Every structure is written in C-alpha cells, then in structure tokens.
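S.K.: Each chain, written out:
There are 2 protein chains.
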Amino acid sequence: MPPTSAAAPRSPLPAVVAVDWGTSSLRAWVLGPDGAPLAETRSAEGMDVVAAGGFEAVLRARLGELGAALDGLPRPLPVVLCGMVGARQGWREAGYLEVPVPLLEVADGATAVAAEGLDARILPGLALRRPERHDVMRGEETQLLGLVLHEPEASGLVCMPGTHCKWVRLASGAVSDFTTVMTGELFALLSRDSILRHTLAGAAASGEPEAAGFRSGLAEGLAEPGLLGARLFSIRAGHLLAGIEGTEAADRLSGLLIGAEVGAALAAAAPDGPIRLVASGRLARLYDAAIRAAGREVRLVDADDAVRSGLIHAARRFWPLAEGDPAR
Amino acid sequence: MPPTSAAAPRSPLPAVVAVDWGTSSLRAWVLGPDGAPLAETRSAEGMDVVAAGGFEAVLRARLGELGAALDGLPRPLPVVLCGMVGARQGWREAGYLEVPVPLLEVADGATAVAAEGLDARILPGLALRRPERHDVMRGEETQLLGLVLHEPEASGLVCMPGTHCKWVRLASGAVSDFTTVMTGELFALLSRDSILRHTLAGAAASGEPEAAGFRSGLAEGLAEPGLLGARLFSIRAGHLLAGIEGTEAADRLSGLLIGAEVGAALAAAAPDGPIRLVASGRLARLYDAAIRAAGREVRLVDADDAVRSGLIHAARRFWPLAEGDPAR
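Just so you know, the protein sequences line up as chains G and R, in that order.
Using the working numbering, you'd call the opening residue of the first sequence number 1 and step up by one each time.
Using the working numbering, you'd call the opening residue of the second sequence number 1 and step up by one each time.
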C-alpha cells in the first residue's frame with residue numbers, strides 16, 4: 001500500500017546535480033542535501049563522442065532531461081562533476097593531484113567553470129610520477145573518496161574494473177600507489193578487430209562467472225599471467241581444431257584477460273586483508289569470482305553509491321547544501 | 001669487370017616456382033634445380049585481402065610478372081606453395097600434420113591443386129592438440145624444414161617473429177611443441193585502434209634496438225612479462241605527464257611487447273643451447289637484441305633462405321627437378 005501523504009516523510013528538496021562523466025558515458029543525478037538520489041539520467045555521450053566545445057550543450061541537454069526534478073526551484077542548482085570531463089580533451093582541464101593523496105583533499109583541487117546560469121566545479125584527477133612509471137586516473141578518485149568517507153582509515157588493495165581498470169593501494173585513507181590495466185579495452189579490440197573476430201563472430205561474452213569458457217580462461221590467466229600473449233591465440237586454434245566459437249570463445253577471452261590481470265596484481269600484493277572491489281553489475285560478478293579464485297577475500301563497494309558519496313561530499317565543500325540553504 | 005660469356009658459369013635453368021603465401025603478403029621465386037633463386041616477386045596480396053575464389057587468378061598474375069624468367073620454357077613450371085594459402089579460407093585447405101612431426105615428413109602431407117595448365121602442391125600446416133591447449137601454424141613448418149635440412153638433428157628452442165610469432169621446441173629434427181604469441185598483431189591493434197593511438201599519432205617504431213624507448217620497454221617487459229597489461233597504459237600516462245609521444249612511444253610499445261613475449265618464452269624454457277632465430281631485417285635485429293638482453297645466445301637463420309630451402313626440398317619429392325628433367 002503506498003504511504004498516504006499524511007504518513008509520508010517529507011521528500012528532501014533537490015540540492016545539487018552530480019555528474020560522473022567518463023570516456024564512454026555520462027551519468028547525472030539530482031541529489032538531496034544528504035546525498036539521496038532524487039532523479040537520474042544516463043547517456044552514451046562520453047568524452048570520446050563529444051566534440052571539442054560541445055560539453056556545455058550536452059550538460060544543458062541532460063539538465064533539461066532532469067527538468068521535472070529541477071522545475072520550480074528559485075534558481076539553478078550547482079553542478080559538481082568528475083571524470084574525463086576534466087581531461088585536456090574534456091570540458092575544462094581540471095589538473096591532477098600528485099600521489100600520495102589523502103582522499104579527503106580531492107575537493108580542494110577542483111576547477112570552477114563559469115557559464116551563463118551554471119555554477120559548476122570539476123574535481124581533479126590523480127597522477128603518479130615515478131622515475132620508472134607514470135600513471136593517471138580521472139573519476140576513480142571520486143569513488144575512492146566515497147569509499148574512505150565510510151572507512152576513513154581504509155588501507156589495502158582496491159580493484160576498480162572498467163575499460164581501464166585501476167588497482168589502487170590505500171594507506172590510512174590516502175592513495176599511495178596505483179596502476180592502470182587496459183583489460184576492458186583489450187577485450188574490445190581483440191573481439192572486434194583481431195584474428196579472434198572470426199572466432200567470436202560478433203558474440204558477446206555471457207558475463208556469467210560459472211560459464212565453462214570463462215572458468216577455463218580464468219584458471220589459465222591466474223596461473224600464468226605472463227603467458228597471456230601466448231594463450232590468446234589458443235582461442236583461434238581452439239576454433240579451427242575443436243570448433244569452440246561464439247559466446248564460449250568470448251567467455252574464454254574474458255576469463256584469460258581478467259585472470260591475467262588479477263593474477264599479476266595479486267602476485268605483486270602483500271596478503272593484507274580483503275580486496276575492496278568497487279564495481280557493479282556484470283563486472284562486479286566476474287571480478288569477484290576472479291579474486292576469490294585467487295584465494296583472496298572480497299569486500300564489494302557499489303561503484304554508483306561510492307561516486308555519489310564522493311560527489312556530494314565535495315559539493316558540501318563548495319556550497320552550503322543544508323535544508324533552507326541559499327542554493328535552493 | 002663483368003664476366004665474359006665465355007668465362008661465365010652456365011646459368012641454371014628454371015625448375016620450379018616456389019611461393020610463400022601468408023596472411024598479409026605473397027612472395028614467389030623462380031628457383032633453379034639446386035634451389036638458387038633466379039627471379040622474385042613480392043606483393044601485399046595476402047590471404048586477408050584475396051577474395052574467396054580469387055587465389056588462382058592472383059597466382060597467375062604473379063606468374064605473369066615472373067614472365068621473363070619463365071618465357072620460352074617448353075611447358076609451365078610446377079608450383080609449390082606454403083602458408084595461409086592452405087588454410088580453410090585460402091585457395092585449397094591443405095590440412096594439418098599433428099605434432100610431434102619429423103620435419104622431413106612435411107612434404108608427405110601436401111595437397112595437389114589441379115587447374116588448367118597449373119601443377120601445384122600446397123604444403124600442410126602443423127597442429128598441436130593437447131587437453132589444455134590447441135595451436136596451429138602454416139608456413140613456419142616450411143622454414144623449419146629448411147632449417148633441419150642444414151641441421152638434421154637440430155634440438156632446442158626456435159623463435160620465429162611475425163604477426164603471429166611462433167616459439168617452437170625442436171627435438172632431433174622434429175617439432176615436439178609450439179606456441180603462438182600475437183605480438184605483431186597486438187602492436188598493430190594498439191598503435192592504430194587503442195587509446196595509445198593519440199600518443200603514437202601515426203608514428204611508426206624506429207625499428208632500432210638501441211633506441212631509448214625500445215630499450216626501456218624491453219627491460220620492463222623482460223623483467224615482468226605478467227605486468228604487460230599494466231605497463232601498456234604507462235605509455236599514455238607518459239604522454240600526458242612527461243610529453244613522451246610519437247616514435248619514442250612506438251618504440252616503447254614495441255619493446256614492452258617483444259620483451260614480455262621473449263621473457264615469458266625463455267622463463268618457461270630450459271637453458272639448452274642457443275636460441276635459433278628465424279627472421280630477417282628489422283625483426284631479426286629487435287629479437288636478437290631481446291634474446292641477448294635475456295642472457296641467451298642467438299643463432300640467426302635467414303627466414304627467406306629457410307623457406308626457399310624447405311620449398312625446393314619438397315618440390316624434389318613431387319617432381320624430378322634435375323637438369324634435363326621433364327619439368328623443363
């Protein structure tokens with residue numbers, strides 16, 4: 001039975017628009033002052049497909065789509081953004097904070113974007129500069145900020161799957177090191193453009209950790225990450241000699257790539273407690289299976305919850321968001 | 001001073017046309033009865049670009065190009081072929097010999113192709129069927145045949161670089177095991193289609209083993225082949241944070257991929273004598289540097305010489321090629 005209006009708690013009023021704008025997609029939420037999501041929009045308008053100079057128009061269109069939640073407010077809500085929207089090829093370059101970075105300082109590096117009737121701030125990325133290795137992230141730092149808000153002294157290894165997966169070392173709520181692995185992009189390239197395309201023939205992976213192809217690929221990848229290059233072609237040979245193709249072959253490719261990634265990352269990591277896995281949906285299931293198969297415990301952190309927590313925390317640093325505050 | 005016609009040794013008469021027809025290119029030679037090359041043609045008409053049913057016409061066009069060497073013969077020369085031309089998507093499927101394979105038996109598995117005025121034989125490929133792994137090769141078995149003709153009891157590891165590199169274990173002139181690594185194809189895919197394309201910006205690798213980018217990538221790849229996936233993105237980050245791009249970045253990609261391949265292959269190999277490297281040109285230089293950097297000796301075998309030796313040996317099994325024989 002729906003609650004009657006008399007019994008219903010008062011709905012929080014909208015306080016801020018939070019945007020996670022990555023390479024391949026954009027997600028925007030209207031959040032209440034406590035961070036509760038009141039409305040949401042998703043689109044495939046990632047940085048890769050937005051033309052230079054086109055970011056503001058795309059954002060305004062998304063705000064239009066969130067209109068029902070925004071109508072009738074005395075003035076426009078402020079907008080807090082993270083991800084590739086702050087890259088050099090994005091809306092406005094938001095710079096990098098240099099590792100080691102206490103995550104509670106992420107908001108301090110934000111870049112303001114002034115535009116007619118818009119008050120927007122883009123959070124910075126993180127950069128690792130070592131004599132032997134460079135690395136960068138944009139967007140994941142905001143998920144990590146959300147994570148440490150719940151666990152201020154979090155330490156240990158964090159796995160953040162995606163097109164460019166991040167493996168992050170936390171030490172007492174700070175990022176001390178991280179590495180990017182191009183697993184998602186390699187899967188897409190190999191499926192679509194390599195000799196393996198004849199074997200996969202357009203089939204997607206099932207996304208099921210129990211699928212036979214995923215399990216066999218995962219076991220081989222975990223056991224010998226260095227032989228990944230040598231195992232990929234076995235997918236083609238298995239087609240020619242044993243007729244293994246389509247979804248089973250795609251699952252095997254997925255298992256080999258994720259297995260090699262997880263195997264290499266954990267081989268280099270001290271066994272210091274569970275691995276925090278920041279993910280959702282299909283990737284959460286597959287990486288959970290992979291990390292457990294490697295003999296490590298998993299603590300799952302929902303990626304959407306984490307990024308919203310990080311964004312609302314940053315927003316509170318920029319604007320007063322309490323009920324009755326001037327932003328509403 | 002050019003030799004006078006009186007002093008010149010009699011040129012051998014043409015005896016056979018030998019064709020190495022791979023995925024991305026075709027090379028054909030007119031050979032004398034002793035295997036000496038009398039004329040040569042090369043083209044980019046590999047299996048990947050020849051339409052189904054189009055192989056015979058392409059071969060006739062190449063024979064036409066070799067016309068000067070073939071004109072005036074009493075009848076057409078026989079043609080011996082190896083490589084992807086014998087694949088299911090090639091001219092005629094030539095089957096596989098199952099490992100272990102004594103290389104002197106390769107010619108026994110040839111497939112005859114009858115066509116108007118053409119007497120052609122395609123050599124078979126090799127297949128590895130193990131419960132845990134399948135693999136296939138086409139073309140390299142003929143180079144290996146050429147190798148064992150000079151060293152009938154050859155044993156040890158053979159490195160055969162290319163789009164799909166082969167690492168072959170020989171035991172007394174037989175192939176006992178082999179593995180394909182997709183290094184060349186990965187280089188092409190990552191250069192052209194991945195996020196790294198922005199960093200390479202169309203630049204080719206220098207192909208120089210002494211180039212700084214190649215040396216740094218090679219050292220990292222050799223040291224930790226399992227971290228290849230994690231090192232690839234450092235090329236992008238090195239561009240964003242340190243401005244390393246173009247040829248230097250392409251060299252680094254080449255070094256990382258070759259280093260990880262060689263490092264993984266040698267880690268799994270007993271230290272039993274020099275590595276035979278069947279290659280020529282740029283790849284011979286780069287892999288020679290990589291194998292030596294891993295602390296192993298190299299014995300270079302010219303890939304073109306080897307494939308011609310294998311093809312002429314097989315041709316002698318099919319047709320009498322001695323001077324004055326009925327083929328001429």
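Warning: the hint list may mix true and false statements.
Which chain G residues stay away from chain R? Per the calculated CB distances, all over 10 angstroms, these [said to hold, decoys possible]:
#, residue
1, E45
2, L257
3, A260
4, E261
Which stretches of chain G does chain R cover? Using the computed rule of at least three CB atoms under 8 angstroms from a CB of chain R, they are [what the hints assert, rightly or not]:
#, region
5, 55-67
6, 144-153
7, 189-198
8, 239-246
It is worth saying that the hints were derived from the structure and are not from the lab.
Quick caveat: nothing in here was measured; it's all calculated off a predicted structure.
No residue lacks a Cβ here, since even glycine has one placed at the ideal position from N, Cα and C.
S.K.: Would you mind marking each hint as holding or not holding in the structure?
M.R.: These are the hints, each one checked on the structure:
no.	hint	verdict
1	E45	holds (18 angstroms)
2	L257	violated (8 angstroms)
3	A260	violated (6 angstroms)
4	E261	violated (6 angstroms)
5	55-67	violated (count 0)
6	144-153	violated (count 0)
7	189-198	holds (count 5)
8	239-246	holds (count 3)
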